[in-house]
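Q: Each chain is listed here by its residues.
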Amino acid sequence: MRAKYVLSEVMVGLWRNVTMTVAMIITMAVSLTMLGASVVMYHQVDLMKKAFLSNVQVSIFLKTTVTPDQTQLLSTKIKGDSRISSVQFLDQTASYNQFKQQMAGDPQLLQSITPDQVPQSFRLKLKDPSEVSDIKAGYNDLPGVDQVIDQGSVLKRVFAVLGALQGLALTLAIAQGIAALLLVANTIQVAAYSKRREVAVMKLVGASNWFIQSPFVLEAMFAGVIGALIAYGGLVAAKFFLIDGSLKALQSLLGPVHWTTINLMLPLLLVVAALVSGITGWFTLRVYIKK
Amino acid sequence: MIQLESVTKTYPKAARPSLDNVSVGIDKGDFVFFIGPSGAGKSTIVKLLLHEVAPTRGRVIVNDKDVSTLRSWRIPHFRRTIGCVFQDFRLLPTRTAYENVAFALEVIGKTQAVARRVVPEVLELVGLGGKEHRYPHELSGGEQQRVAVARAFVNRPLILLADEPTGNLDPDTSIEIMRLLDRINRTGTTIVMVTHDSNIVNQMRRRVVEIEGGKIVRDQPRGVYG
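First to last, the sequence lines map onto chains Y and W. Residue 131 in our numbering sits at position 131 of the first sequence, with consecutive numbering throughout. Residue 322 in our numbering sits at position 31 of the second sequence, with consecutive numbering throughout.
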C-alpha cells in the first residue's frame with residue numbers, strides 16, 4: 001500500500017511539473033555526460049602514461065670528438081648502474097641506418113649527411129621511468145657526452161594538453177552539475193509547494209518524515225537516473241561516431257577506448273546521479289518542511 | 292494527561308512573551324475551553340501541545356511525556372496520539388470525505404483494509420453517513436468541519452485539540468459541532484478547545500481557562516465566557 005502510494009505520488013509529481021522535469025533531466029544528462037567523458041579520459045590518459053612511460057627511452061648522444069676510452073668508461077658506468085634495465089650502443093653505422101629509416105621521406109636531407117656526422121649513442125631503458133631526470137643529471141656532464149634526451153619530455157607536453165582537456169571536461173561537468181542541482185532543488189520546492197496541503201495534513205496526523213519526504217526524494221532520484229541513462233547513451237554514441245568514427249586517427253595516440261570502459265560508466269553515472277539528486281532533494285525538503 | 296509547568300514562550304523578535312509563566316493541568320477525559328482576546332496566547336498553547344513550537348522556559352507534559360525534550364524524529368509518532376481540528380477545516384479539496392479521512396490513516400501506514408473498516412464507522416459517528424463520496428466543495432461548512440473532526444478522531448487519539456472549530460460556522464451549525472465534540476468527549480477523549488465564541492462557552496458550562504496578555508486570569512470548573 002505504502003509503496004503504491006509513494007510510486008503514484010512520484011509519477012503524478014513528475015507529470016505535473018513536466019517542463020521542469022525535462023529541464024532537470026537535460027541538465028543532469030549533459031552534466032553526467034561530461035563527467036563520464038572526463039572519467040573515461042582520465043582512465044585513457046592513465047593507461048597511455050603507463051604504456052609510454054614503461055617504454056621510455058633515454059638516449060645519451062656522444063660528441064663526434066669522443067675518444068674510445070671515454071666511450072668505454074661510459075659503457076662501464078652504464079652497465080654498472082642499477083637504475084638501468086637495458087642498454088644498447090649504436091655506433092655511427094647503426095645510428096646512420098636508423099637515421100636513414102626515420103628520414104626516408106626526405107632524400108635531400110639524407111644526401112647532405114654522412115655517417116661520420118651522425119653521433120654515436122647509448123639507448124637506455126630505465127627500471128623506474130620516474131628517475132629520468134636523475135639519470136639525465138648524472139650523465140649530462142660526463143666527458144664525451146653531448147646531450148641526454150629522454151622521450152618523456154616530449155610525452156609530457158602531450159599529457160599536458162590531454163590534462164587540460166580533461167580539466168575542461170571536468171569543469172564543465174561541475175558547472176553543469178551545479179545547475180542541475182539548483183534545478184533539482186527548485187523542482188522539489190515547486191513540487192512541495194503544490195502539495196503543501198497534503199504535506200500540512202500529513203505533518204498534522206503524524207506521518208513520519210520519511211513518508212512525507214520519500215515521494216519527493218524519489219522524484220529527484222528518478223530524474224537523476226533518467227539523466228544518467230541518457231548520459232550513458234551519449235557516451236555510447238560518442239564511442240560509436242567519434243572515437244571509432246571521425247576521430248579514429250587519434251587512436252594511434254590515445255589508444256583504443258574499450259567498450260568495457262564505456263560500460264563501466266553506466267553504474268558509476270547511475271550511482272552518482274541517484275545519490276546526488278536524492279540527497280539534494282532530501283536536504284531541500286528538510287529545509288522546506290521545517291518551516 | 293496534560294500539564295503545563297511554568298511555561299513561558301517568547302517568539303523571536305517579540306517584545307513580550309506570548310505565554311508568561313503559565314501553569315495548568317488537564318485530566319484525562321476533561322473538556323476545557325481556553326478563551327481570551329486575540330493575541331492572548333491561546334493558539335500558542337495549541338502549538339506547544341502539538342510541539343510545533345518549543346517552550347522558551349518550563350515543561351509541557353502530554354500523556355506523561357515531556358514534549359519539550361522530545362527528539363525531532365519522535366514527533367510524528369507523538370502526534371498520532373493527538374487529533375486536531377481547525378477553523379479552516381484543512382481538508383484536501385481533490386479528495387472525497389471518505390478519502391480525506393482515509394488519507395490520515397494511509398499516511399501513518401494503515402492498510403486500505405483497515406481504512407475500509409474504520410472510515411465508514413467514524414463518518415457515521417459524525418453524522419455524515421451517505422455523504423462519503425462528496426467532495427469538500429459539495430458539502431456545507433458544518434459538514435466539512437464534521438469531516439475534519441472525523442479525520443482527527445479516526446485514529447482514536449487520547450486528546451482532541453480544537454482551534455476555533457466554530458469560527459467559520461453559523462450559530463446553529465456551531466452548536467451541532469459542539470454536540471459532536473461533546474459526544475467524542477464522552478468516549479473518554481480529552482478535549483482542549485480554543486475559542487472566543489461566548490455563546491458556545493456559556494451553553495456548554497465546562498471548564499473555562501481565560502488567558503489575557505499571556506497569563507491565566509481565570510480557571511473555573513463550570514464557567515461561562517465572562
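Any given hint could turn out to be false.
Claimed, not checked - Derived DSS-like pairs: lysine-lysine, alpha-carbon spacing no greater than 30 Å straight-line: (1) W:356 to Y:49; (2) Y:136 to Y:125; (3) Y:203 to W:401; (4) Y:4 to W:319; (5) Y:4 to Y:63; (6) Y:4 to W:422.
No wet-lab data here; the hints were simulated from the structure.
Q: Each hint should be assessed against the structure and marked as holding or not.
A: Each hint, compared with the structure:
Restraint check for residue 356 of chain W and residue 49 of chain Y: the C-alpha separation of about 66 Å exceeds 30 Å, so the hint is violated. This hinted pair checks out: residue 136 of chain Y and residue 125 of chain Y have alpha carbons roughly 13 Å apart, not beyond 30 Å. About 16 Å separates the Cα atoms of residue 203 of chain Y and residue 401 of chain W, which keeps this hinted pair within 30 Å; it holds. Restraint check for residue 4 of chain Y and residue 319 of chain W: not satisfied, since their Cα atoms lie roughly 38 Å apart, outside the 30 Å limit.
Only pairs whose Cα atoms come within 30 Å are accepted, and residue 4 of chain Y paired with residue 63 of chain Y is rejected, the gap being roughly 83 Å. About 27 Å separates the Cα atoms of residue 4 of chain Y and residue 422 of chain W, which keeps this hinted pair within 30 Å; it holds.
Hint violations for this structure: numbers 1, 4 and 5, all remaining hints satisfied.
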